[in-house]
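Construct the complete structure from the given sequences, taking the supplied hints into account.
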Amino acid sequence: MAITLSERAANRVQKFLDQRGKGVGLRLGVRTSGCSGMAYTLEFVDETLPDDIAFVSYGVTVLIDPKSLTFLEGTELDFVREGLNEGFKFNNPNVKNSCGCGESFNV
Amino acid sequence: MALLHIAEPGLCADPHQHRLAVGIDLGTTNSLVATVRSGSAAVLEDESGRALLPSVVRYRQNGIPEVGLAAQLRQTDDPHNTIASVKRFMGRGLKDVPGASATPYRFVDAPGMVRIETHAGVKSPVEVSAEILKVLRSRAEASLGGELTGAVITVPAYFDDAQRQATKDAARLAGLNVLRLLNEPTAAAIAYGLDTASQGTFCIYDLGGGTFDISILRLRQGIFEVVATNGDSALGGDDFDECIYRWIVEQGGVAEASVTDSRLLLSLARKAKETLTGHDEARIRATLASGVELDLSLAAETFFALTAGLIAKTLGPTRKALRDAGLGMDDIDGVVLVGGSTRMRHVRAAVADFFKREPLTNLDPDKVVALGAAMQANLLVGNHKTDDWLLLDVIPLSLGLETMGGLVEKVVPRNATLPVARAQEFTTFKDGQTAISIHVVQGERELVGDCRSLARFELRGIPPMVAGAARIRVAFQVDADGLLSVSAHEQTSGVQTAIEVKPSYGLGDDEIARMLQDSFTHAKNDMDARNLREQRVDGLRLLEATQAALDADGLRLLSDTERIAIGRAMDTLQVLLNGQDHVAIKRAADSLNRATAQFAARRMDASIQRALTGRRLDAIEA
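First to last, the protein sequences are chains L and A. Read left to right, the first sequence gives residues 500 to 606 (the working numbering). Read left to right, the second sequence gives residues 2 to 623 (the working numbering).
Cβ pair distances, simulated, as ranges:
#1 A:Glu275 x L:Asn593: 52 to 58 Å
#2 A:Asp78 x L:Gln518: 43 to 49 Å
#3 A:Ala101 x L:Asn590: 58 to 64 Å
#4 L:Gln518 x A:Ala143: 21 to 27 Å
#5 L:Asn593 x A:Glu48: 32 to 38 Å
Rough simulated footprint, nothing fancy, chain A against chain L, three-plus residues with beta-carbon under 8 Å:
#6 508-517
#7 542-552
#8 582-592
Calculated directly from the structure, the hints in this document are not laboratory data. Each residue gets a CB set at the ideal place from its N, CA and C atoms; glycine is no exception.
Written as structure tokens, this is what we have:
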């Protein structure tokens with residue numbers, strides 16, 4: 500199992516990294532907070548950490564810490580448009596239920 | 002499901018804690034909203050993919066007003082209720098609105114700010130602007146998927162306090178939390194990332210729909226400093242449209258254009274202007290209300306010639322800004338073009354020619370201000386960690402004091418960067434004067450009456466001394482928020498007093514722009530008036546001194562003939578002092594001086610004699 504990006508998401512991440520002018524990749528993670536237990540985090544990476552596990556998807560490096568990986572195993576990150584809104588969306592097979600807005604979830 | 006964005010390392014927000022911030026360019030012709038998502042600033046588009054929202058509001062008899070393109074399309078057939086370029090009316094009274102009579106609106110003069118009568122009642126420019134902001138706000142909230150934390154709204158550098166306050170009020174009315182009003186040129190500089198350079202001096206040439214601003218920014222160690230600003234608050238793309246419009250009317254032999262006709266022709270004029278950006282010719286076809294058909298062809302060359310005067314009008318303020326900044330053309334490291342009107346080829350060429358360098362144009366001149374505002378907004382809500390940006394402001398108009406004769410002595414010059422502290426010494430005018438009235442004024446003109454009065458206070462308790470002996474140090478201090486404090490301190494006795502004023506407060510109705518313009522147009526008159534006042538003060542002082550001398554020693558040291566001669570010279574001067582001819586006053590004062598030269602010498606001898614009489618030689622030499 501691995502963490503993947505959809506092609507659309509990868510293109511977007513690459514574009515944002517280029518515009519930002521620095522950064523080695525994208526960090527996915529979870530942290531315990533939010534209304535439904537856990538919440539996703541999505542950040543640029545300037546420095547890799549010793550424990551990081553790296554995946555490469557369409558040329559974009561995705562880093563994740565081992566603890567987060569247990570909750571994100573098999574996740575695909577997509578980039579979607581919903582009306583005027585657009586952004587990244589986690590398709591996480593581990594999720595049992597999530598809060599109404601989907602920003603936090605339970606496994 | 003909420004859609005996520007990539008945060009800076011370590012700055013990922015908690016769920017439901019996203020701080021959504023936007024930058025809004027509330028323009029005369031078009032308005033835009035932008036935000037920073039996943040580290041990049043981008044302009045937000047509407048459902049049809051349009052970024053620019055025409056700043057046009059149409060009021061209907063009932064229901065919510067139409068805003069943007071829909072309203073703009075109805076401009077021709079509903080001119081009274083379709084309000085365009087409302088930014089020109091923000092914070093202004095009817096008399097301050099240039100060309101108010103040329104607009105189709107039914108103005109209602111109201112204290113402070115003009116109002117416009119519409120189908121839906123009498124509306125203030127603040128309400129009209131709020132309608133535009135509401136549309137941008139809902140577009141932003143739909144695009145970002147949540148409520149906005151705050152917005153940065155840009156204003157022309159020339160906007161005075163009343164206009165800025167009106168902009169803030171409009172935002173509040175639209176339910177926006179204003180993080181900050183940002184000057185448009187500074188936003189443009191931020192968008193171009195000029196802050197990433199180590200240093201440099203940049204000129205921002207902003208020709209929008211209704212305003213022209215020229216700003217000179219200096220970047221030093223990551224700090225922006227606005228060195229000088231100038232411009233014309235009533236010059237922009239609309240004037241180019243107007244030029245074409247007049248050409249159409251003239252060429253097409255349109256004798257009398259109805260309101261509907263002029264709207265139609267004006268929008269055709271605008272289209273022709275836009276066509277000529279990429280083409281060498283524009284076709285103008287219209288059917289007027291009278292049934293007359295127009296079919297004209299406007300060549301780019303003709304258009305350039307028609308509007309050369311407008312471009313020349315932008316270069317005057319540009320020169321003045323450079324002069325104010327004490328800079329030459331060689332000191333400018335880059336020129337940035339802002340505003341849709343800078344797309345016109347001859348504008349670009351003129352700017353390149355003036356500065357002897359190609360201007361920066363790689364960002365869309367329509368969007369650059371909104372992008373910079375978005376970056377600033379993102380920073381202000383704490384989504385981006387940096388302490389690099391510190392924007393310094395300048396004094397828009399000189400601060401000074403009233404001196405004898407109603408003259409202004411400038412203490413803090415215009416465009417001094419804040420914070421600033423300046424001091425100057427003054428003295429008493431009359432013998433035994435124990436108090437001095439300090440009148441703080443703001444403006445560029447030479448006479449107090451033509452400047453704006455900010456505050457008055459008195460310094461009392463000066464020990465009686467002869468005129469000119471007291472040393473009164475007046476210090477002006479303006480802090481980073483623009484708060485002015487003035488203190489006066491008599492150095493020999495130590496008495497002092499101070500006052501605090503907010504200089505920009507209440508500078509209403511285009512006063513700053515007008516006051517500046519006046520100072521240029523009246524430069525010669527002002528110098529003459531200043532000379533006259535100076536000669537009057539000098540003449541008065543001479544008369545008083547002569548009279549005092551006559552009272553003391555006149556009978557003793559002067560013959561009758563001499564006294565009569567002096568008296569006659571004094572009378573001549575006295576009469577001329579009430580006149581307007583400063584040269585004649587000077588001549589009369591000089592002749593009085595000559596008439597009293599002997600008298601002065603004799604008084605000097607007499608006083609030396611008095612000092613020496615009865616004293617031994619060694620005591621004097623010691």
